[in-house]
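Asks: Residues per chain, in single letters:
2 protein chains.
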Amino acid sequence: MNQTQKLTNENTVWHEPHIFRSDREKQNNHKSKILWFTGLSGSGKSTIANAVEHQLYHQGARTYVLDGDNIRKGLCKDLGFSDADRTENIRRIGEISKLMLDAGVIVLTAFISPFRKDREIVRNLVPTGDFIEIFCDAPLEICETRDPKGLYKKARAGQIPEFTGITSPYENPENPELVLITGNKSVDECVKDVLDYMKNHGVFIK
Amino acid sequence: MNQTQKLTNENTVWHEPHIFRSDREKQNNHKSKILWFTGLSGSGKSTIANAVEHQLYHQGARTYVLDGDNIRKGLCKDLGFSDADRTENIRRIGEISKLMLDAGVIVLTAFISPFRKDREIVRNLVPTGDFIEIFCDAPLEICETRDPKGLYKKARAGQIPEFTGITSPYENPENPELVLITGNKSVDECVKDVLDYMKNHGVFIK
Chain A
89 MNQTQKLTNE NTVWHEPHIF RSDREKQNNH KSKILWFTGL SGSGKSTIAN
139 AVEHQLYHQG ARTYVLDGDN IRKGLCKDLG FSDADRTENI RRIGEISKLM
189 LDAGVIVLTA FISPFRKDRE IVRNLVPTGD FIEIFCDAPL EICETRDPKG
239 LYKKARAGQI PEFTGITSPY ENPENPELVL ITGNKSVDEC VKDVLDYMKN
289 HGVFIK
Chain B
89 MNQTQKLTNE NTVWHEPHIF RSDREKQNNH KSKILWFTGL SGSGKSTIAN
139 AVEHQLYHQG ARTYVLDGDN IRKGLCKDLG FSDADRTENI RRIGEISKLM
189 LDAGVIVLTA FISPFRKDRE IVRNLVPTGD FIEIFCDAPL EICETRDPKG
239 LYKKARAGQI PEFTGITSPY ENPENPELVL ITGNKSVDEC VKDVLDYMKN
289 HGVFIK
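Sequence lines, in order, name chains A and B.
Just add 88 to wherever you are in the first sequence, counting from 1, and you've got this note's numbering.
Just add 88 to wherever you are in the second sequence, counting from 1, and you've got this note's numbering.
There could be a bad hint or two in this list.
Heads up, incomplete: computed chain A residues facing chain B, CB under 7 angstroms, no partners named [claimed, not checked]: (1) Pro105; (2) Ile107; (3) Phe108; (4) Glu141; (5) His146; (6) Tyr152; (7) Leu163; (8) Glu183; (9) Ala191; (10) Ala245; (11) Ile248.
Think about it this way: if two alpha-carbon atoms lie no more than 20 angstroms apart in a straight line, the pair counts; the simulated SDA-like pairs of lysine to any residue are [to be verified]: (12) Lys119/A to Asn116/B; (13) Lys165/B to Asp173/A; (14) Lys161/B to Lys161/A; (15) Lys237/A to Pro215/A; (16) Lys165/B to Val267/A; (17) Lys161/A to Pro215/B; (18) Lys205/B to Asn116/B; (19) Lys165/A to Asp173/B; (20) Lys161/B to Pro215/A; (21) Lys119/B to Ile230/B; (22) Lys280/B to Asp225/B.
Derived by calculation from the structure, the hints in this document are not laboratory data.
All C-beta atoms in this analysis are idealised placements derived from N, C-alpha and C, irrespective of residue type, glycine included.
Construct all of the structure, not just a fragment, from the sequences and the given hints.
Replies: Structure representation (structure tokens):
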């Protein structure tokens, strides 16, 4: 490999230096993973994802939270909430997560992601063990009582068609890596459960 | 903010801790940027982007290269090469780049991105100064002689419809941040030009 070779020399085969995921993980002192939070609106996905990120950041990790705020207004602004559009939405989020995984980042996603098959598609996009499905399990009644964005109220009033838990189904994960009973636990306890899982599965190097 | 509060307490307004781009930039010791390489097939975009990444990695920077290999087979596998699909392709790449920018990463993109308006859309997605357009300027004749993937040959044989430079236009950047005359310069010289631009524009902190 001779970096002074002219690009114009058609006889040159330029062997590109390439930085691999393993190089980035070494640089970051942690493996990259996808922490996929799933559950009803109001089940605590976003709150816990952000609290976990906060802890990880202060441990020096490279992280990023993907959520409705940065996805629905950007990459997926052309999509609605029909079943087909929800599927495409999750497919794209899966593909971005895969890129970020390759970039060495611990990606935390906070989407209802109600359909089992869509979550399985994402799981199968990446190497075994890299997709950590975290089910934020809280009864509809509790989520509806919380209703932090007033969405359940609107859905009950018929102002939001196809609202998960009301007029559109949520399919519980069958074999999630982690279940957080968010109705019974504090945010701190949930964060600890997630970090313990990561420690026990060798995410942190040395 | 009391992290021990139960998520179930509907009277609680939970103020989520949030990690901002500025936090990540501080952690990384560099600003995040989009280095947007544009030019004909064979003009050196991918080669130079990877060589720049290699240098940046060894300086301890967090980087990622987006190119046809990781985009066209993943996020944009539903898209073809019509004008509309090319536009949607670049829009999505712009949106991912924006997310990675927010994640503190120096993103290097290596796409022909032939249409001026599409590149301008990406430029306008992000704060002023964060989109660094790098024109890999080489005459069609040289690119066609290189033809590293045999694509020009196929295009001339009519096997690839809408091939940029042959049957689809390439619109030169009007005010790119950087022009690399890749027909006259070595890879090393091009890499140096890019790194010098970054140094001179305060990308590296401390």
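Asks: Confirm or reject each hint.
Replies: Structure-based check of all given hints:
1. Pro105: Where the cut-off is 7 angstroms and the nearest Cβ of chain B is about 4 angstroms from Pro105/A, the hint holds.
2. Ile107: holds (5 angstroms)
3. Phe108: violated (10 angstroms)
4. Glu141: holds (6 angstroms)
5. His146: Violated: closest Cβ of chain B sits about 9 angstroms from His146/A, beyond 7 angstroms.
6. Tyr152: Holds, about 4 angstroms.
7. Leu163: Holds, about 4 angstroms.
8. Glu183: OK, holds: Glu183/A within 7 angstroms of chain B, min 4 angstroms.
9. Ala191: holds (4 angstroms)
10. Ala245: For Ala245/A, the interface hint is violated, since the closest Cβ of chain B sits about 19 angstroms away, which is over 7 angstroms.
11. Ile248: violated (20 angstroms)
12. Lys119/A to Asn116/B: holds (17 angstroms)
13. Lys165/B to Asp173/A: Holds - the C-alpha atoms of Asp173/A and Lys165/B are around 16 angstroms apart, at most 20 angstroms.
14. Lys161/B to Lys161/A: At roughly 24 angstroms apart (the allowed maximum being 20 angstroms), Lys161/A and Lys161/B break the hint.
15. Lys237/A to Pro215/A: Cα-Cα ~35 angstroms, so violated.
16. Lys165/B to Val267/A: violated (33 angstroms)
17. Lys161/A to Pro215/B: holds (16 angstroms)
18. Lys205/B to Asn116/B: violated (32 angstroms)
19. Lys165/A to Asp173/B: Roughly 16 angstroms between the alpha carbons, so the hint for Lys165/A and Asp173/B holds.
20. Lys161/B to Pro215/A: holds (16 angstroms)
21. Lys119/B to Ile230/B: violated (35 angstroms)
22. Lys280/B to Asp225/B: Answer holds: Lys280/B to Asp225/B is near 16 angstroms, not above 20 angstroms.
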